Amino acid sequence: MEDYLDKNTEYGWYLCLDGEKIIGGMGVIENDFQDRKDLSPNVCAVYTDEKYRGQRVAGNLLDMVVEDMRSKGILPVYLVTDHTGFYEKYGWKFLCMVQGDGEPDMTRMYIHE
Numbered sequence: 001m002e003d004y005l006d007k008n009t010e011y012g013w014y015l016c017l018d019g020e021k022i023i024g025g026m027g028v029i030e031n032d033f034q035d036r037k038d039l040s041p042n043v044c045a046v047y048t049d050e051k052y053r054g055q056r057v058a059g060n061l062l063d064m065v066v067e068d069m070r071s072k073g074i075l076p077v078y079l080v081t082d083h084t085g086f087y088e089k090y091g092w093k094f095l096c097m098v099q100g101d102g103e104p105d106m107t108r109m110y111i112h113e
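Residue numbers are given in my numbering: position 105 of the sequence shown equals residue 105, and the series is strictly consecutive.
Check the hints yourself; a few may be wrong.
Derived SDA-like pairs: lysine to any residue, alpha-carbon spacing no greater than 25 Å straight-line [stated by the list, open to error]: (1) K72 <-> E103; (2) K7 <-> D38; (3) K72 <-> K51; (4) K21 <-> D3; (5) K72 <-> Y14; (6) K21 <-> A45; (7) K7 <-> N31; (8) K51 <-> S71; (9) K89 <-> S71; (10) K7 <-> D68; (11) K21 <-> K37; (12) K89 <-> G102; (13) K93 <-> K21; (14) K37 <-> E103; (15) K93 <-> D68; (16) K51 <-> I22; (17) K93 <-> V46; (18) K21 <-> D63.
None of these hints come from the bench; they were simulated from the model.
Computed from a predicted model, the values in this text were never measured in an experiment.
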């Protein structure tokens, strides 16, 4: 986060607020602790407060991230997740399985171009 605030990277952090309360957020980082270092950048820390789930908070943030990265000439973007069916609703496509750092099981990697 400090690198973004100090303008050392184009990768940023995105928040959704309800008043002054953070109800959702995610970031873009070089690598989300997985073995495919060549697949970069990665969306990470996707979160929506439980009370606000099902209201498209994460979907709007995902769209915002993709558009922001596109405006900077940074595409494709990737993300790792154990979820199936969610990201596809927002234009993400399953790419491959990756090994998380220190994780015993493989996890899904998605791409958005």
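**Asked** Does K72 pair with K51 here, judged by a C-alpha cut-off of 25 Å?
**Response** 33 Å, violated
**Message:** Check whether the Cα positions of K93 and K21 lie no farther apart than 25 Å.
**Reply:** 31 Å, violated
**Message:** Please verify whether K51 and S71 have alpha carbons no more than 25 Å apart.
**Reply:** 32 Å, violated
**Message:** What's the verdict on K7 and N31, does the C-alpha distance respect the 25 Å limit or exceed it?
**Reply:** 18 Å, holds
**Request:** Quickly compare the C-alpha distance for K89 and G102 to 25 Å and report which way the hint goes.
**Result:** The hint is violated at about 30 Å.
**Prompt:** Does the alpha-carbon distance linking K21 and D63 stay inside the 25 Å limit?
**Reply:** Between K21 and D63 the Cα gap is close to 21 Å, so the pair holds against 25 Å.
**Message:** Hint check: K89 vs S71, CA-CA at most 25 Å. Holds or violated?
**Reply:** Satisfied, since the Cα-Cα distance of roughly 22 Å is no more than 25 Å.
**Asked** Is the Cα-Cα distance between K21 and D3 25 Å or less?
**Response** At roughly 24 Å apart (the allowed maximum being 25 Å), D3 and K21 satisfy the hint.
**Prompt:** If you draw a straight line from the CA of K93 to the CA of V46, is it 25 Å or shorter?
**Reply:** 17 Å, holds
**Asked** Holds or violated: K72 with E103, Cα cutoff 25 Å?
**Response** Given that 25 Å is the threshold and the Cα spacing comes to 32 Å, the pair is violated.
**Message:** Tell me if the straight-line CA distance from K93 to D68 falls inside 25 Å.
**Reply:** 19 Å, holds
**Prompt:** Does the alpha-carbon distance linking K37 and E103 stay inside the 25 Å limit?
**Reply:** Holds, because 16 Å separates the two Cα atoms, which is no more than 25 Å.
When held up to the earlier numbered hints, the structure conflicts with 1, 3, 8, 11, 12 and 13 and fits the remainder.
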